[in-house]
Amino acid sequence: DVSGALCISQAWPGMARTIYNDHRRFLETYLTRCPGFFFTGDGVYRTSEGYYQLTGRLDDVISISGHRLGTAEVEDIVTHHVAVAESAVIGYPHEIKGEGKMLSFLPQNISQGYGSGNGYTQETVATELQELISKKIAKYAAPDYVQVTQANCSNTHTG
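Under the UniProt record's numbering, the first residue of the sequence shown is numbered 1, with each subsequent residue one higher.
Hints are not guaranteed to be accurate.
[What the hints assert, rightly or not] Dumping the calculated DSSO-like pairs for lysine-lysine here, alpha-carbon to alpha-carbon at most 30 Å:
id: 1; residue 1: Lys139; residue 2: Lys97
id: 2; residue 1: Lys135; residue 2: Lys97
id: 3; residue 1: Lys97; residue 2: Lys136
What the hints contain is simulated information worked out from the structure, not anything from laboratory work.
Please model the complete structure; the sequences and the hints are all you need to start from.
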């Protein structure tokens, strides 16, 4: 089991060849970081069986009180909670910490209503998620705000 940056050794049809009016930026971003490979900017985990799992963008980092924290780390932990279907972590300017963190999540079983029959309220889930993140990562990683998001549309490309 290995994790790291996803880099591709061979070109493929349709891959970008430049950035309009900024070829130097293209070279610096995608080709110089890992010479001989195309750097995708994604983190990846490879299992001992050879399966790959994308873990998130490597450049999607929030700096909280001097600690650099990848948003994918937090999102991965949060989605293990029984009440969470999907999650997103975003940073926002914070006067003291530099950046603060807000967690937004989509609850399981939305069609039945949030918390129906399982005893969860927004407050109990928010508290549990903050405690889970504090335990699995660190106290500084716990979000300042937890927001429940109600989806009114599908995540598929067809609508």
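Tested hints:
no., hint, verdict
1, Lys139 with Lys97, "holds (13 Å)"
2, Lys135 with Lys97, "holds (20 Å)"
3, Lys97 with Lys136, "holds (21 Å)"
Going through the hint list in order, the structure satisfies each hint without exception.
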